[in-house]
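A.B. asks: Sequences and hints are given; from them, build the entire structure.
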Amino acid sequence: MRTKRKVFAYITRGDEENRELLVFEYKGEPEVGLQVPGGTIEEGELLIDALYREVKEETGLPSDVLEFVGKIHKYTYYPEHQDKAYERNIFQFEYTGEPVEQFEHTIKSHGRDNGMTLLFRWEPIKNLPQLAAEQDKAIELL
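Counting along the sequence shown from 1, when you hit position 90 you're at 106 in our numbering, and nothing is skipped either side.
What the hints contain is simulated information worked out from the structure, not anything from laboratory work.
A couple of the hints might just be wrong.
[As the list claims (entries may be wrong)] Straight-line alpha carbon distances no greater than 27 Å define the calculated DSSO-like cross-link-like pairs of lysine-lysine that follow:
(1) K20 <-> K142
(2) K43 <-> K153
(3) K124 <-> K87
(4) K87 <-> K100
(5) K142 <-> K90
(6) K20 <-> K43
(7) K124 <-> K72
(8) K22 <-> K43
(9) K72 <-> K87
(10) K142 <-> K100
Since the structure is predicted, the reported quantities are computational estimates derived from the model, not experimental observations.
C.D. replies: Structure (C-alpha cells):
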C-alpha cells in the first residue's frame with residue numbers, strides 16, 4: 017500500500033467561545049464537499065514549506081494575515097475502497113486580517129487543481145457541517 021503525505025490547515029478566527037473555521041467548496045462542484053486548505057507534500061519538500069505553499073495556493077491569503085499556532089494532529093487516513101493511505105499533518109493558523117465573511121480564489125499551481133475556483137466562508141466550529149473525507153477529524157483539538 018502506497019502512502020501519500022498531506023498537510024491541512026485549520027485557519028480559525030475569533031475567541032474560544034465564538035471560534036470559526038475557514039472552509040471552502042469547489043465552485044460548481046458542491047458534491048465534492050466542504051473542505052479545509054491542504055494538499056500533497058511534494059518529493060523532497062519540507063512539511064512546513066508544503067503547508068505554507070498549499071495555504072497560499074488554495075486561499076490566496078498572504079502569510080502576514082496568518083499567525084502560525086502550531087501542529088495539532090497527525091494520523092493516517094485510509095479511504096474506503098482504495099488501496100492507498102494518507103499521512104495527514106494538521107496545523108492551525110489564526111486569521112488576523114481584515115474581517116471578510118466570504119471570498120473566491122482561483123488556484124494558480126502546477127497541479128491538477130490549477131484554474132479551479134474555490135468559494136471560501138467561515139463556519140462556527142460549534143455547529144460545523146461535516147467536512148469531506150474526514151478532514152474534521154481533529155476539530156475537537158482546537
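A.B. asks: Now tell me, hint by hint, if it's right for this structure.
C.D. replies: Structure-based check of each hint:
Of the supplied pair hints, the one linking K20 and K142 is violated, its CA atoms being roughly 31 Å apart against a limit of 27 Å. Straight-line distance between C-alpha atoms of K43 and K153 comes to about 24 Å, which keeps the hinted pair within the 27 Å bound. A hinted pair counts as satisfied when its Cα atoms are at most 27 Å apart, and K124 with K87 qualifies at roughly 26 Å. With a C-alpha separation of about 24 Å, the suggested pair K87 and K100 falls inside the 27 Å cut-off, and the hint holds.
A distance of roughly 22 Å separates the Cα atoms of K142 and K90; the hinted pair therefore holds under the 27 Å criterion. With a C-alpha separation of about 26 Å, the suggested pairing of K20 with K43 holds against the 27 Å cut-off. About 10 Å separates the Cα atoms of K124 and K72, which keeps this hinted pair within 27 Å; it holds. With a CA separation close to 23 Å, the supplied pair K22 and K43 stays within the 27 Å bound.
Restraint check for K72 and K87: the C-alpha separation of about 18 Å stays at or below 27 Å, so the hint holds. A C-alpha spacing of about 32 Å is found between K142 and K100, which places the hinted pair above 27 Å, so the restraint is violated.
Going through the hint list in order, the structure does not satisfy hints 1 and 10.
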